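**Q** One-letter residues, chain by chain:
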Amino acid sequence: MQVAELSRTLPGAWERLRARPGAALALAVLALVLSSAIFAPFLASARPYTLLAVDRGAYETCLAELEPLLRGWNARLIEAAAAKQALREDDPQSIHAAWEAHAALLREVRAVDLRLSTVRRYASAEREAQVPLDALELRLRGWTGKVHAGELDDLGPAAELAASAALLRESHRPRDGSGAGMRLRLQRTFPLFSDLAYWEWLAAFAWLGALVLFARRAGPRSWFAAAAVALLLATLCSAVFRAPSGLATREVKLGIATGALEFSSAWFPPIPFGRDETRLSEASRPPTWMASAELDERGRFVRGPRALHAAGELEPAASPVTVLPAEPALNSPMRHLLGTDALGRDVFARVLWGGRASLAVGLLAALGVLGIGVLAGALAGFLRGPFDAACSALVAVLQSFPPFFLVVTVAAIGAERAASARIEPLVWVTLVIVAVGWTGIARLVRAEALRVRELDYVRAARALGYPEARIFLRHVLPNVLTPALAAAAFVAISAMLAESSVSFLGFGVRLPDPSWGALLQEARASALGWLVAAPGALILLTCLALAWLGDAARDALDPREDR
Amino acid sequence: MRNLLGRSLRACATLLGLVAVAFVLLRLAPGDPAQLRFASADAVEAGAAAEALARFRAEHLLDRPLHVQFLHYLGPFDLGPEGHALFGGSGARPLGGLLAGDFGREYLRPDVEIASELLGRLSITVPLALVSALLAYALALPLGVWQGLRRGSAFDGWTRALALLAYSAPVFWVALLLQEGLGPTGLDWLPILGLRSRDAASGDVADLAAHAVLPIACLSYASIATISRQMRAATAEVASSDFVLAARARGVPERAVLWRHIVRNALVPAITMVGQVLPWLVGGSVLVETVFEIPGMGKYAFDSLQRREYDAVAACVLVSGVMTLAGLALSDFLQARLDPRVRDAGR
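As given, the protein sequences belong to chains U and W, one line each in that order.
In this text, residue positions in the first sequence follow this note's numbering: the first is 1297, and each later residue adds one.
In this text, residue positions in the second sequence follow this note's numbering: the first is 94, and each later residue adds one.
Just so you know, the hints here were simulated from the structure itself, not pulled from any lab data.
Since this is a predicted model, take the numbers as computed values, not measurements.
Heads up, some of the hints might be wrong.
Said to hold, decoys possible - Stretches of chain U that chain W covers, calculated by requiring three or more beta carbons in the stretch to come under 8 Å of a beta carbon on chain W: (1) 1669-1682; (2) 1787-1796; (3) 1809-1820.
Stated by the list, open to error - Here's a subset of chain U near chain W, in silico, CB distances under 10 Å, partners left out: (4) Glu-1311; (5) Cys-1533; (6) Val-1693; (7) Pro-1698; (8) Pro-1831; (9) Leu-1837.
Claimed, not checked - The following residues of chain W were derived to be distant from chain U, with all beta-carbon distances above 10 Å: (10) Leu-227; (11) Ser-261; (12) Val-379; (13) Thr-417.
Here a beta-carbon is modelled for each residue, glycine too, at the ideal position from N, C-alpha and C.
Looking at chain U on its own, in the form it has when it is part of the complex (with noise of 0.2 Å):
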């Protein structure tokens, strides 16, 4: 392929890269895909976004927890007193003893503040109710006091700090049907927002930001700028909701339906299903638009069983599906839009999620990919010599493998090794993926910069006397990345096909954290139609829309206009 200078093509290839059929629209499905893989844990969750209730269960077991604590804490007490006392300083051994009551004595002291402040924050703001608590928490800051200070020669308040916990216990009952008790205060909590990462927010303010941008076509500069303020909210918002929620109870609609939840309002995710929440009851049920998904209110399917256990294989005992809160009715089309798995688990919230993996190991490989292969390439033709024949035999031992067969095995032998490193598989996937599929972009790019390397304006800048580096990085490497560019969607697509091929076959992502490949590892396994579908028509859309613009920009490109 001819390839002009890219500060020649690049200013018109996108306006040429926007006209052709079809390219608005791959480039608007592509950026579907991605925003639901980007905002999967906003839009499929168990937990909701905000929840204002009292969290009884942890109450109580807050409240029940607090005495033998206490109790606990004094037999620490008495450990850590004998310890000092046999501390002698020239004996390791005794320091030591001595080091780790003290230690355990702190571990306590923790775990008995961590109650207080639980039982503080539910039980009413009256005074009465605050001023027991206010006592005990008095003691205890001068006994922590006193463990720091080291005077641990007193131990006798220690058992009435736990008398007094008991009877904290009873005059702080929460208050039951009787109506007798104490009245609770409702805690607003983030459970949702609690759980994400630092990234995950970064993730989603960067993308954000960036549709916001590109839909107003800004400058560089606003990039920066928006770069800046994604930073600035994702560290706001995981700083404002990393606080612990104070939410013990981890299953909030199960909380909600036994009454551990005390609960007044919620609102949850548009699908709200974990990716992990199993429901054996309603195992293995078609997509419920379907009419076959129909349920009776004993679990049993209403136009009677499924072929696959009509076989002769056993139908599994039908038990009543519980509808917790918050999700669709039993046979609203609603509830599982894409069926359920072999384990209850919704398959529209998995793929949701498995988009995640698939999309980071194939977008993360193509970078790596194009950044090495660039890299090596330039190199390798700029300075042709030793460099040049050492990654080019590289390159031909490399190339002589079928690039698939290699990266799975490289990525199944060597998967416990890198697991024992503390690599994700996640990241040895995509590590592998790039270590092989390198090779590629670094022939077309070696090519070019050979041909670069002899053009006027190199022999100008050389006859300048300019140095190597900066005729390197300033006169060859920008040249010369066109034909790289023009092969990125390609190298996009056939890394994330490379991923989800290596998931089905199961030494990629493994399982219970999805991705779409590993999603049909699963579908093959449990051999019902309907988990095979959505998966692979996601990765295939993904491919095509990649497909699609890669064709597109490979002649927009290319400015010979007979194509």
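Put chain W on the given structure of chain U with help from the hints.
**A** Structure of chain W alone, referenced to chain U:
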């Protein structure tokens, strides 16, 4: 002649590189491969495991330096305690290693020689790959020529879109869909597992063909997309070149222009793609053979990976590499046959 010599030297170096990759692959296996392999054996099997462990260590010289291990792996001389007398062995088993055609044995089934097992598997994988490649070429070449001659037509547009679709569809997914749709759970047209029915006679060609339809279709559809794409571009380029114009101006009949001028010249790059298509087919065979349960090399590699028979995996990788090199040599040869410029440059 010098060209040939240089080429074969380079091919030898690349082969050595292949062996090195396979060797590194073996060393990638975690820790001391022997220990890990037999760590999980329970008490009942402990005796057998210890024996296998000792055999494994002796076979691989695991307590010797790395370069000795590599030379031992490469062959043709066995450097072990029972190896060639020149290297301090007893001389009972002078030859061994890859160059002696010895790929070792499986650990858990010590009576299985990897080399002969692999040979049997290849007799399934290679014909499948060749038939798929032939099919792909037989369909893609005319398609590409047609597209190239009718650029911009509706036919061109639709078939190109279809080709992109084929290019993007993950092969294992297509295989699963075909199994579901055409297998016993769907239309029940074709068998979906294995290469022969349980009750079929050994020479039943029709049965074999019925079993091979879906795997071959899965293996070849993506190649059809890439080859036709190449053929289309080449045809378009040749058709608009000056010598075609000149031929038409001379009054050469359109048939002759098409066959002798356009197709013949446009064929070269497409034929050269054999070097890429064959490795793709071998790589794809892991997926296709796994989904369709065909006992070929791909399935062997997959099973060996699952059973941690890493020597067998390395052998598969090595053989696939050699097959790729053969494909590249074939494409060089074909290019030289088809293109006089390349042929004469070689002289």
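**Q** Tell me if the interface restraint on Cys-1533/U is satisfied: Cβ within less than 10 Å of some Cβ in chain W.
**A** violated, 36 Å
**Q** Could you let me know if the closest chain U CB is still more than 10 Å away from the CB of Leu-227/W?
**A** holds, 18 Å
**Q** In terms of Cβ atoms, is chain U entirely out of 10 Å range of Val-379/W?
**A** violated, 6 Å
**Q** So, Leu-1837/U near chain W? Judge it on the closest CB pair being under 10 Å.
**A** For Leu-1837/U, the interface hint holds, since the closest Cβ of chain W sits about 8 Å away, which is under 10 Å.
**Q** Three residues or more, CB to CB closer than 8 Å: is that satisfied between the stretch 1787-1796 of chain U and chain W?
**A** Check passed, 3 qualifying residues.
**Q** Next item in the hint list is Pro-1831/U. Is there a CB on chain W closer than 10 Å to its CB?
**A** Check passed: Cβ of Pro-1831/U comes within 8 Å of chain W, closer than 10 Å.
**Q** Examine the stretch 1809-1820 of chain U for residues whose CB is less than 8 Å from any CB of chain W, and state whether their number is three or more.
**A** Three-residue rule met by the stretch 1809-1820 of chain U, so holds; n is 4.
**Q** Taking the least C-beta to C-beta distance, is Pro-1698/U closer than 10 Å to chain W?
**A** holds, 3 Å
**Q** Checking the smallest CB distance to chain U, is Ser-261/W really beyond 10 Å?
**A** Non-interface label on Ser-261/W violated, nearest chain U Cβ at 3 Å vs cutoff 10 Å.
**Q** Under the criterion of a CB-CB separation shorter than 10 Å, is Glu-1311/U in contact with chain W as hinted?
**A** violated, 21 Å
**Q** Thr-417/W: least C-beta distance to chain U exceeds 10 Å?
**A** violated, 5 Å
**Q** Are there three or more residues in the stretch 1669-1682 of chain U whose C-beta lies within less than 8 Å of some C-beta in chain W?
**A** violated (count 0)
Figure legend: structure checked against the earlier numbered hints; hints not met, in rising order: 1, 4, 5, 11, 12 and 13.
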